[in-house]
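Student: Residue numbers (the numbering used here), protein chains in the order written: chain A, 1 to 323; chain B, 1 to 449.
Among these hints, one or two may not hold up.
Just a few of them, taken from the derived set where beta-carbon distance is under 7 Å, the chain B residues facing chain A [what the hints assert, rightly or not]:
hint, residue
1, 328
2, 337
3, 338
4, 344
5, 347
6, 412
The hints are simulated quantities; they were obtained by calculation from the structure and are not laboratory data. All figures in this text were calculated on a predicted structure; none of them were measured in a lab. Idealized CB from N, CA, C, for every residue including glycine.
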Amino acid sequence: MTTQATSTLLRTENLRLYFRTTQGVVQAVDDVSFTMPRRDALAVIGESGCGKTSLVRAILRLLPSNVHTYSGNVFLNDIDVMKLSEERFRTNVRWTKMSLVAQAAMNALNPVLRVGEQVAEPLIVHQRLSKQAALAQAAEVFQLVGVSPDFLGRYAFELSGGMRQRAIIAMALITRPDLIVLDEPTSALDMLTQANIMNVLKGIKRDLEQSFIFITHDVSTTSELSDRGMVMYAGQIVELASAEQFYLDPLHPYSAKLMASIPTLKEKKELEFIPGQPPSLLNPPTGCRFADRCDRRFDKCDTEPPLQQLADGRWIRCWLYNK
Amino acid sequence: MKTRFAKLWQTARKYPTIMMSVVIISVLLGIAFYAMISIPFSEAALLWRGAENIWEDTPRLAAPIWFNAFRSEKLSETVNLTREDALITEEAVSATIRKETWVYEYDFPYATFPQEMKAFFTVSADDKNPLVKFTWVKPDGTTYQLGSMTASDGSRYGISADATVSREQFNNQPLQVELYRDPSSTTEEPAVLNGTYQFIAEVYHFTDSSEIEIQFVSFGEVYGIAGTDHLRRDLRIGLLWGTPFALMFGLLGAVGSTSITFLIAAIGSWYGGWLDAAIQRICEVRLQLPTLPILIMLGTFYSRSIFLILGVVIALDIFSSGIKTYRAMFMQVKNLPYIEAARAYGASNMRIIVRYMIPKVAPVLIPNFVTLIPTFVFLEASLALLNLGDPTAPTWGKILNDAYHAGALYRGYYYWVLEPALLLIFTGLAFSMLGFALDRILNPRLRRI
Numbered sequence: 001m002t003t004q005a006t007s008t009l010l011r012t013e014n015l016r017l018y019f020r021t022t023q024g025v026v027q028a029v030d031d032v033s034f035t036m037p038r039r040d041a042l043a044v045i046g047e048s049g050c051g052k053t054s055l056v057r058a059i060l061r062l063l064p065s066n067v068h069t070y071s072g073n074v075f076l077n078d079i080d081v082m083k084l085s086e087e088r089f090r091t092n093v094r095w096t097k098m099s100l101v102a103q104a105a106m107n108a109l110n111p112v113l114r115v116g117e118q119v120a121e122p123l124i125v126h127q128r129l130s131k132q133a134a135l136a137q138a139a140e141v142f143q144l145v146g147v148s149p150d151f152l153g154r155y156a157f158e159l160s161g162g163m164r165q166r167a168i169i170a171m172a173l174i175t176r177p178d179l180i181v182l183d184e185p186t187s188a189l190d191m192l193t194q195a196n197i198m199n200v201l202k203g204i205k206r207d208l209e210q211s212f213i214f215i216t217h218d219v220s221t222t223s224e225l226s227d228r229g230m231v232m233y234a235g236q237i238v239e240l241a242s243a244e245q246f247y248l249d250p251l252h253p254y255s256a257k258l259m260a261s262i263p264t265l266k267e268k269k270e271l272e273f274i275p276g277q278p279p280s281l282l283n284p285p286t287g288c289r290f291a292d293r294c295d296r297r298f299d300k301c302d303t304e305p306p307l308q309q310l311a312d313g314r315w316i317r318c319w320l321y322n323k
Numbered sequence: 001m002k003t004r005f006a007k008l009w010q011t012a013r014k015y016p017t018i019m020m021s022v023v024i025i026s027v028l029l030g031i032a033f034y035a036m037i038s039i040p041f042s043e044a045a046l047l048w049r050g051a052e053n054i055w056e057d058t059p060r061l062a063a064p065i066w067f068n069a070f071r072s073e074k075l076s077e078t079v080n081l082t083r084e085d086a087l088i089t090e091e092a093v094s095a096t097i098r099k100e101t102w103v104y105e106y107d108f109p110y111a112t113f114p115q116e117m118k119a120f121f122t123v124s125a126d127d128k129n130p131l132v133k134f135t136w137v138k139p140d141g142t143t144y145q146l147g148s149m150t151a152s153d154g155s156r157y158g159i160s161a162d163a164t165v166s167r168e169q170f171n172n173q174p175l176q177v178e179l180y181r182d183p184s185s186t187t188e189e190p191a192v193l194n195g196t197y198q199f200i201a202e203v204y205h206f207t208d209s210s211e212i213e214i215q216f217v218s219f220g221e222v223y224g225i226a227g228t229d230h231l232r233r234d235l236r237i238g239l240l241w242g243t244p245f246a247l248m249f250g251l252l253g254a255v256g257s258t259s260i261t262f263l264i265a266a267i268g269s270w271y272g273g274w275l276d277a278a279i280q281r282i283c284e285v286r287l288q289l290p291t292l293p294i295l296i297m298l299g300t301f302y303s304r305s306i307f308l309i310l311g312v313v314i315a316l317d318i319f320s321s322g323i324k325t326y327r328a329m330f331m332q333v334k335n336l337p338y339i340e341a342a343r344a345y346g347a348s349n350m351r352i353i354v355r356y357m358i359p360k361v362a363p364v365l366i367p368n369f370v371t372l373i374p375t376f377v378f379l380e381a382s383l384a385l386l387n388l389g390d391p392t393a394p395t396w397g398k399i400l401n402d403a404y405h406a407g408a409l410y411r412g413y414y415y416w417v418l419e420p421a422l423l424l425i426f427t428g429l430a431f432s433m434l435g436f437a438l439d440r441i442l443n444p445r446l447r448r449i
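Whenever a hint applies, use it, and build me the whole structure from the sequences.
Tutor: Here it is in structure tokens:
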């Protein structure tokens, strides 16, 4: 699956993350392999509970205590970070190579620290900068995300939601990591603030050298930002394609349904929805995991389809496109 | 930081209990500092041990002097006279003998008889000590010839204990009564003759270099602002020095045990796994161990040093039920998004515990430890009452222990019990009021709008 080794930033191979629960083992991330070049913006799209956030956790090794299986390889700059010790991973990968804008970003600020100190924390932790120097850099990134440096001395509760979100993004940017993962960066915000944050992110993407992974269930907001789209369903990748291919012509039945459910202003169309619910990850079906909800199901769907690359470069997991 | 304290102060001013407790605590602190500055500990310990007849010129079991303010019949105060109060005249009797007359004149306006009267001598003479003759003059002019003695250095004359005088002149009646009795009253129901008394000592020096100092003491029934105990010790020393001991025991005990408990609970709940399990098991085992018997064993078989006891009390208190309470709070905090965010950006475990978890829960802790202070103050007093107090340290508990063993309440020496008890109560009250009020300010669940 490797393309050009030097241009690859992130590569996962057979990444698995299972959780132990009282009902059984949840296969939240099941055999996920994908490659991400430098200066790429990848949108990971899917319904709630399809393993998007778990994929982030698996890549950033932010594991809860009930992990059942955590296996596979994650190569970052061709180094297998899965093999690093917890301490090496903490000092060499977290925030120095990869940073995260967490899902409940609104609550991700320490209520007893001033926002400036909080945003400067990664620099103090990783680069052992003095507080003044770190705060000076925090002021710079604040400007980058469009927040006045006057707010450095405020506490989190004194900031509006959009302001807090931007502070969190500033924190993710401050160490200039190679990869920034944004887990639903706009989900808890109103429409105007969402647009504002998206503009900030666009600006950052234009000006900086970083790569981004956007985790979202909101396809429309990320369409402008992403270079490629990746659809997850029931813990697996079902389609990975370039933005034009994906947004204009999604091939996988699930991706197609997903795109059809988005309202547009220009054309008048009936919004579609997908009947049923995603399968339980406790006990996923043996064949195609989407088969039960798919209107193009046929006999072959009872066996599990492989993820394979088509001639136009996109990856897909569906028997309809099997060569 | 400044503004936060200013804000806290603004809020605190609305609570009268806080202001009251601040006043009481300031007074206690003032007493503690006054004690430490005015009487160095070595001196206080020496005074409290009562070595080398330090307390020979104070009355035994005398009530505090302010008792008289509440009585119409004034109790006799202690009269303690030295050279400055004496009228001294000298005359040569012969070529070698020199006569020195010390006249002590003092007013005695009280309604009760003194405990006893004594004269103490400091003499410097080469070979022959001076001879002293004593005379007692009542306000009505009656003169009694008391005994005479050769005064050596450090000797004393027990005026009221002179059996010869009592037998020959007063029909074996006690002299402290007879020498002050109004002649119109009977020996069965004696009354004090008020007025100016004179105690005269005629000293015959036999050498030129012979010199004498005479101290006259009429031991009253009240003494000082705190009274005295059965060993004639001024309770003021014990009460003054008891304050820093009580505050030290309370503060160190509460702060030490609570903060360490807090840290251990935070570490346990953050790391989880076997560490947490081990802490919880130690805590559970510890909760089954009775504190007091352990302390009694320690005091009986090893040492009663107040610092050792304090250390053991803190050590025992670390793994107390507090760990369970704080753990529950930390478990809640542990999974908050901002802590996960801190983990994501690579903050070390200790950084997360110290900078993220503890500050979140700490406001709940502050009132808790303030209310815990009196518990430790009382614990020290309880231990002292159980004979486990540090015998060298003057503490409130030790005073209560002495009072208990001397049967103070049974024999009516209420001041001896009430003084340390009131100080303990005020200390407890002040810190409790402060703690409860702070709880209402800092605990979000009790905060009023």
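Student: Decide, hint by hint, whether the structure agrees.
Tutor: Each hint, compared with the structure:
The restraint placing residue 328(B) at the interface with chain A is violated, with a minimum CB-CB distance near 17 Å, outside the 7 Å limit. With a least beta-carbon distance of about 4 Å to chain A, the hint placing residue 337(B) at the interface is held under the 7 Å criterion. The beta carbon of residue 338(B) is positioned within 7 Å of a beta carbon in chain A (closest approach about 5 Å), and the interface hint is therefore held. With a least beta-carbon distance of about 5 Å to chain A, the hint placing residue 344(B) at the interface is held under the 7 Å criterion.
At about 6 Å, the closest approach between the beta carbon of residue 347(B) and any beta carbon in chain A falls short of 7 Å, and the interface hint on this residue holds. Hint status for residue 412(B): violated, given a least beta-carbon distance of 58 Å to chain A, over 7 Å.
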